[in-house]
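Those sequence lines, one after another, are chains Y and E.
For the first sequence, UniProt numbering begins at 1 and goes up steadily by one.
For the second sequence, UniProt numbering begins at 1 and goes up steadily by one.
The set of hints was computed from the structure by calculation and includes no laboratory data.
Incorrect hints may appear among the rest.
Any copy will do: because identical chains look the same in the list, a pair fits if it lies in one copy or spans two.
Heads up, simulated BS3-like pairs for lysine-lysine below, C-alpha to C-alpha not over 30 Å straight-line [unchecked claim]:
1) Lys190 <-> Lys295
2) Lys126 <-> Lys158
3) Lys27 <-> Lys123
4) Lys303 <-> Lys34
Number of protein chains: 2
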Amino acid sequence: MTVKIFGHKNPDTDTITSAIVTATIEKELGGDAKAYRLGEINKETEYALNYFNVEVPELLESVNDTDEVMLVDHNEFQQSADGIEQATITSVIDHHRVANFETDAPLYFRAEPVGCTATILNKIYKENNIEITKEMAGLMMSAIISDTLLLKSPTTTKQDEEALHELSTIADVNYETYGLDMLKAGASTKDKSAKTLITGDAKSFDMNDNHVRIAQVNVVDLEELFERKQELTEEMQKESNEENYDLFILVVTDILASDSRVIAIGENNTVIERAFDVALDDNEALLTGVVSRKKQVVPNIEKAFKSLYE
Amino acid sequence: MTVKIFGHKNPDTDTITSAIVTATIEKELGGDAKAYRLGEINKETEYALNYFNVEVPELLESVNDTDEVMLVDHNEFQQSADGIEQATITSVIDHHRVANFETDAPLYFRAEPVGCTATILNKIYKENNIEITKEMAGLMMSAIISDTLLLKSPTTTKQDEEALHELSTIADVNYETYGLDMLKAGASTKDKSAKTLITGDAKSFDMNDNHVRIAQVNVVDLEELFERKQELTEEMQKESNEENYDLFILVVTDILASDSRVIAIGENNTVIERAFDVALDDNEALLTGVVSRKKQVVPNIEKAFKSLYE
Numbered sequence: 001m002t003v004k005i006f007g008h009k010n011p012d013t014d015t016i017t018s019a020i021v022t023a024t025i026e027k028e029l030g031g032d033a034k035a036y037r038l039g040e041i042n043k044e045t046e047y048a049l050n051y052f053n054v055e056v057p058e059l060l061e062s063v064n065d066t067d068e069v070m071l072v073d074h075n076e077f078q079q080s081a082d083g084i085e086q087a088t089i090t091s092v093i094d095h096h097r098v099a100n101f102e103t104d105a106p107l108y109f110r111a112e113p114v115g116c117t118a119t120i121l122n123k124i125y126k127e128n129n130i131e132i133t134k135e136m137a138g139l140m141m142s143a144i145i146s147d148t149l150l151l152k153s154p155t156t157t158k159q160d161e162e163a164l165h166e167l168s169t170i171a172d173v174n175y176e177t178y179g180l181d182m183l184k185a186g187a188s189t190k191d192k193s194a195k196t197l198i199t200g201d202a203k204s205f206d207m208n209d210n211h212v213r214i215a216q217v218n219v220v221d222l223e224e225l226f227e228r229k230q231e232l233t234e235e236m237q238k239e240s241n242e243e244n245y246d247l248f249i250l251v252v253t254d255i256l257a258s259d260s261r262v263i264a265i266g267e268n269n270t271v272i273e274r275a276f277d278v279a280l281d282d283n284e285a286l287l288t289g290v291v292s293r294k295k296q297v298v299p300n301i302e303k304a305f306k307s308l309y310e
Numbered sequence: 001m002t003v004k005i006f007g008h009k010n011p012d013t014d015t016i017t018s019a020i021v022t023a024t025i026e027k028e029l030g031g032d033a034k035a036y037r038l039g040e041i042n043k044e045t046e047y048a049l050n051y052f053n054v055e056v057p058e059l060l061e062s063v064n065d066t067d068e069v070m071l072v073d074h075n076e077f078q079q080s081a082d083g084i085e086q087a088t089i090t091s092v093i094d095h096h097r098v099a100n101f102e103t104d105a106p107l108y109f110r111a112e113p114v115g116c117t118a119t120i121l122n123k124i125y126k127e128n129n130i131e132i133t134k135e136m137a138g139l140m141m142s143a144i145i146s147d148t149l150l151l152k153s154p155t156t157t158k159q160d161e162e163a164l165h166e167l168s169t170i171a172d173v174n175y176e177t178y179g180l181d182m183l184k185a186g187a188s189t190k191d192k193s194a195k196t197l198i199t200g201d202a203k204s205f206d207m208n209d210n211h212v213r214i215a216q217v218n219v220v221d222l223e224e225l226f227e228r229k230q231e232l233t234e235e236m237q238k239e240s241n242e243e244n245y246d247l248f249i250l251v252v253t254d255i256l257a258s259d260s261r262v263i264a265i266g267e268n269n270t271v272i273e274r275a276f277d278v279a280l281d282d283n284e285a286l287l288t289g290v291v292s293r294k295k296q297v298v299p300n301i302e303k304a305f306k307s308l309y310e
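Take the sequences, apply the hints, and build the full model.
The following block contains the structure:
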């Protein structure tokens, strides 16, 4: 049976490339595997796949109880394929917190607290003595650049840095020049609708029974986006009503300045003030030095929610 | 800070020795770590620790939000230390299904579908080029013998078999002679109370909102135990009432014949008939070829419950 490999919904560069790279590793190890995506790829990922001349994976609508699957770059079921509860999960390779995940049987589950799934995949290549092609090196390199914002994010570990150096040598690409071009390709917001901006890289979290949605947009020009604040807020409000979010946060991250400005919608949006010791002004606040949803935004808001209920 | 390392409640040989071995590895890697146990050790574990002259770990009553912990041989919170939700879990090394586990932050989580945690620890030793002492080899060897019933359980993988051979060479012990003695040391039920028998190696599971308790006793003489069936059933009934179990199963495994006889208490105990295609007679059934709670008992009952609710 062909094992289906995929990353999270609202795919980013690490999720798409990790599915492709993991399928390549599985095939090298004698397995039968195919990479999929759970949604449209973004401009940044498109840039990376084009550059290294690798095809976009096929779209997967859902999975069912006849499927064997491997999850990369996520484990929480609400971020995974529809029907994931029914599928047989044989393997997980991830670098996020573990939550809302459950299997009936033992499996291979490998999560490490590094900045990027590709950093773990680079290790798996070495552990199995498989040669890394230029294309696969290029994809893993792109994933590390994307997830660590060119090693500037606080999620960056020494392992990510070393992996990026190794991989850029194999890919024979200057990662700084390439990386800036790749990030900029994904950072223009002009030709994106408000809906695309708030759904493009959004994840759902369950925090003390609050249904929390956190979307992130990386930009090189904060003003370009905040000129459209009213339009964005209306779109967030609309989606919040439709999906019953208790809190919807849009994190707009300036990847050059390494700061984020957030818009927070919802009755208890003041949890943001508690989480980051800031004051909301018209549902908006500047979070100095905050660039990572995983390492900064989610844990701080989670702590703030917990303290509210204690 | 000293990291606290422990296995599951109702400790067995793999859980106790894996805590000791992992603490040893952590210290070799420059960390500060200490092994604990969450309950009384059983006769089998006592035999192994005595044989290799290793001290029994200290009892841990509970953990709290100031603790950093590593879990071995389990991940489900209901099998872990009281207060585990509050502690910071930095690492998990396990070979069970993943469920009822959640962290706020990324962590090192390594689960592999092998027969024993010690098999993974043996790999970690090799990956880090740490020399294995005779004592540590003896403990890991004991864990593999215990979890795989001397390689006879269907949970046994090629990796467990290879690890057992490697480790018995290092420990300089004939694993078959030693293993049989160790298993027999744990298998006598004569001097154990009914309460000890049904709580000694028992785990709780949440299956479609049913609170399921599954205890296992390894014996070399089934009749010795079933002469006390009424006493055992009354004790199970009493604990079921106190703890509100929907289903309480006692799995009595004949480690020489590789079969199990079960007693199942609870309103929906007929789920056993559906799970194993057997007929209960006075709450009792023989499960031919069934020796593994993890690989045979739990997944079959879980499937039977799921089919009930579909």
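Verification of the supplied hints:
In the homo-oligomer, the alpha carbons of Lys190 and Lys295 lie at most 30 Å apart inside one protomer (28 Å), although the nearest pairing across protomers, at 54 Å, exceeds that limit. Taking the shortest alpha-carbon separations for Lys126 and Lys158, both the intra-copy value of 17 Å and the inter-copy value of 22 Å come in at or below 30 Å. In this assembly of identical chains, Lys27 and Lys123 lie within 30 Å of each other by CA distance both inside one copy and across copies; the values are 17 Å within and 24 Å between. With identical chains, the CA atoms of Lys303 and Lys34 are at most 30 Å apart between copies only, with a shortest distance of 28 Å across copies and 38 Å within one.
Checked against the numbered hints listed earlier, the structure breaks none of them; every hint is satisfied.
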